[in-house]
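Which chain is which? The protein sequence lines are A and B, in order. Numbered by my numbering, the letters in the first sequence go through residues 404 to 493 in order. Numbered by my numbering, the letters in the second sequence go through residues 36 to 452 in order.
Hints in this document: simulated from the structure, not taken from any laboratory. Quick caveat, the model's predicted, so the values are computed rather than measured. Idealized CB from N, CA, C, for every residue including glycine. Errors might be hidden in some of the hints.
Said to hold, decoys possible - Where chain A lies over chain B, by a calculated footprint (3+ residues, C-beta under 8 Å):
(1) 285–297
(2) 332–340
(3) 344–351
(4) 429–443
Stated by the list, open to error - Derived contacts from chain A toward chain B, CB cut-off under 7 Å, selection only:
(5) 404
(6) 417
(7) 422
(8) 443
(9) 447
(10) 448
(11) 451
(12) 453
(13) 476
(14) 477
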Amino acid sequence: MLTIPCPWCGDRHESEFFCGGAYEKARPARPETLSDEAWVDYVTVSPNPAGPLVERWWHQRGCGLWFFLERDTLTHDIRPLFDGEDHEPR
Amino acid sequence: MRQRYSIFSLARNALGFHRNWQRVWRSPPLRDAYDVVIVGAGGHGLAAAYYLAHNHGVTDVAVLDRGWLGGGNIARNTVTIRSNYLRDESIPFFAKSVELYKGLSRELNYNLMFSQRGMIDVVQTYPRLRDLTRRMLAMDIHGSTYRRISVAEVRRRIPPLTGGGPDARMPIIAAMVHPDAAVARHDAVAWGLARAADSYGVALHQNTPVRSLLRGPHGGISGVETERGTIRANKVAVAVSGHTTTITETAGLRLPLKSYNLSAFVSEPVKPLINVVVNCPDIGVYLSQSDKGELVVGGETDPQQSFRRGIKEAVFEDAAAAMLDLFPSFKRLKLLRQWGGCLDFAHDASPIVSATDIPGLFVSAGWWGGFKAVPVGGLTLAHLIATGRPHPLIEPFSLKRFERLEFILESGTTSTR
Ligand SMILES: Cc1cc2nc3c(=O)[nH]c(=O)nc-3n(C[C@H](O)[C@H](O)[C@H](O)COP(=O)(O)OP(=O)(O)OC[C@H]3O[C@@H](n4cnc5c(N)ncnc54)[C@H](O)[C@@H]3O)c2cc1C
Ligand SMILES: [Zn+2]
Numbered sequence: 404m405l406t407i408p409c410p411w412c413g414d415r416h417e418s419e420f421f422c423g424g425a426y427e428k429a430r431p432a433r434p435e436t437l438s439d440e441a442w443v444d445y446v447t448v449s450p451n452p453a454g455p456l457v458e459r460w461w462h463q464r465g466c467g468l469w470f471f472l473e474r475d476t477l478t479h480d481i482r483p484l485f486d487g488e489d490h491e492p493r
Numbered sequence: 036m037r038q039r040y041s042i043f044s045l046a047r048n049a050l051g052f053h054r055n056w057q058r059v060w061r062s063p064p065l066r067d068a069y070d071v072v073i074v075g076a077g078g079h080g081l082a083a084a085y086y087l088a089h090n091h092g093v094t095d096v097a098v099l100d101r102g103w104l105g106g107g108n109i110a111r112n113t114v115t116i117r118s119n120y121l122r123d124e125s126i127p128f129f130a131k132s133v134e135l136y137k138g139l140s141r142e143l144n145y146n147l148m149f150s151q152r153g154m155i156d157v158v159q160t161y162p163r164l165r166d167l168t169r170r171m172l173a174m175d176i177h178g179s180t181y182r183r184i185s186v187a188e189v190r191r192r193i194p195p196l197t198g199g200g201p202d203a204r205m206p207i208i209a210a211m212v213h214p215d216a217a218v219a220r221h222d223a224v225a226w227g228l229a230r231a232a233d234s235y236g237v238a239l240h241q242n243t244p245v246r247s248l249l250r251g252p253h254g255g256i257s258g259v260e261t262e263r264g265t266i267r268a269n270k271v272a273v274a275v276s277g278h279t280t281t282i283t284e285t286a287g288l289r290l291p292l293k294s295y296n297l298s299a300f301v302s303e304p305v306k307p308l309i310n311v312v313v314n315c316p317d318i319g320v321y322l323s324q325s326d327k328g329e330l331v332v333g334g335e336t337d338p339q340q341s342f343r344r345g346i347k348e349a350v351f352e353d354a355a356a357a358m359l360d361l362f363p364s365f366k367r368l369k370l371l372r373q374w375g376g377c378l379d380f381a382h383d384a385s386p387i388v389s390a391t392d393i394p395g396l397f398v399s400a401g402w403w404g405g406f407k408a409v410p411v412g413g414l415t416l417a418h419l420i421a422t423g424r425p426h427p428l429i430e431p432f433s434l435k436r437f438e439r440l441e442f443i444l445e446s447g448t449t450s451t452r
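Between the sequences and the hints, there should be enough to build the whole structure, so can you do that?
Put into structure tokens, the structure is as follows:
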């Protein structure tokens, strides 16, 4: 059972949240300028480390905030990463 | 086979107080070069080794595993074998696997305890019924069988299914029968394939973790770096289920795979109660009864990426609650064991059996529900390694499909959602 640190509500039970998946590189500003390989890579490949992974989480059944955290895929160790205003991980 | 198993060998060895059985496979010394190295002694790695030797005469093969043989997902699954998939590419592939399984005990001279008992999908929502009806029509084209039955019929065939009545939150509205579905003993599949591969001279090396892939001066694969030293090979196949990216990334190859944890639990043994595999996709639980009498129950995937091999309490609770919804009498059962495994899932939920951009490197991955596919996955991977060309059954499952964004989006991959 994970305890997820919501930046607004504090520590809450995992079942209140929706995990939005691994945080990937930001969407390319101008996709039409990318090579096919780079676009396919952006669309289909996302990080899959056996270790720390930056994720987006949504406090769906709570305050509704989207935020970032780092979770270890081997140990479930969680490190908050919220940066207040700009909603990008630190 | 150095030692064949039969009623006579059993009788003879009983008279000898079982002291004269030979070892089932050898543990040969590790050499520093082989024609083919297969990373991962799970179902797919061992089946590929077996078919390389049996169908293609390629026997200078080493299978390397970081742990013991058959200690990965092949030992952790809930043994359901089925071909009720949706896509024209998938159905013939999985139907072939069911067919191969049927003859495999005899072929390997090893009792896989294959039991074609059929599966029943219990349907509780109309969108599900539409999806399964669509699958039925697609399966019909490819000679796999799926048939709709009434609620009364499903209750007759599964007596403990007493929940989901007209007043329930989600009443049962229909069911689908998949008579081709089967179960087999998972360990026996690994051990039988290992024994047969070994008898052809394939070298099985346990406790040999692969750290990285090695590339030669022209970019092609040249071998692997293991914790027991460097092993050279011009052909390397990665069949490590769940851990694929941890190996391919050592050669700079990025793959559209994510790893997740799937788990299961078993009850205490009880008298024969359920003689089919029961799948309840709308509430996310499925179960069957083992030959020992235990109910083997599986639930949903843990929703976040994970390399863990345990069970998460939240997932376990959901599965148990879902089971009790439909099988209220199971409330009194004691649960004995629970466990999990780490599996990888491709971007389009279909498997990957493919050559790669690195010459000589092959991958077999994305095996979600890959126990059912062990024979056909091994057969087609062996064909690819031996001939350099994809077997017609796996042509659609190459990595090329991602380059063209021609996904094989498959709704039949997970038995639950
Ligand atoms: C709970 C659960 C239930 C399931 N239920 C079903 C089901 O009902 N039906 C079905 O069809 N499928 C099911 N599956 C899926 C099925 O078990 C897998 O898809 C299949 O076993 C994967 O292929 P494999 O047997 O080759 O993998 P594995 O047995 O996992 O083999 C991979 C091997 O690679 C080794 N390895 C990993 N990293 C390294 C390294 N660096 N160096 C050397 N070796 C390495 C591992 O030790 C392992 O032995 C289930 C899985 C789980 C976890
Ligand atoms: Zn919150």
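Results for each hint:
With a threshold of 8 Å between beta carbons, the proposed coverage of the stretch 285–297 of chain B by chain A holds, since 6 of its residues qualify and at least three are required. Judged by the Cβ-Cβ criterion of 8 Å, the stretch 332–340 of chain B is covered by chain A as claimed, because 3 of its residues qualify and three suffice. Counting residues of the stretch 344–351 of chain B whose CB lies closer than 8 Å to any CB of chain A gives 3, so the stated coverage by that chain holds, three being the minimum. Counting residues of the stretch 429–443 of chain B whose CB falls under 8 Å from any CB of chain A gives 3; the rule of at least 3 is met.
Contact between residue 404(A) and chain B, as hinted, is supported at the beta carbon level, the nearest pair being about 5 Å apart and thus within 7 Å. About 6 Å separates the beta-carbon of residue 417(A) from the nearest beta-carbon of chain B, less than 7 Å, and the hint is met. Nearest Cβ of chain B to the Cβ of residue 422(A): about 5 Å, under the 7 Å cut. The hint holds. With a least beta-carbon distance of about 6 Å to chain B, the hint placing residue 443(A) at the interface is held under the 7 Å criterion.
At a threshold of 7 Å, the smallest CB-CB gap from residue 447(A) to chain B is about 4 Å, leaving the interface hint in force. Given hint, residue 448(A) at the interface with chain B, holds; its Cβ is 5 Å from that chain's nearest Cβ, closer than 7 Å. Because the closest C-beta pair between residue 451(A) and chain B is about 4 Å apart, less than 7 Å, the hint holds. Nearest Cβ of chain B to the Cβ of residue 453(A): about 4 Å, under the 7 Å cut. The hint holds.
Given hint, residue 476(A) at the interface with chain B, holds; its Cβ is 5 Å from that chain's nearest Cβ, closer than 7 Å. Residue-level restraint check for residue 477(A) holds (minimum Cβ-Cβ distance to chain B is 5 Å; threshold 7 Å).
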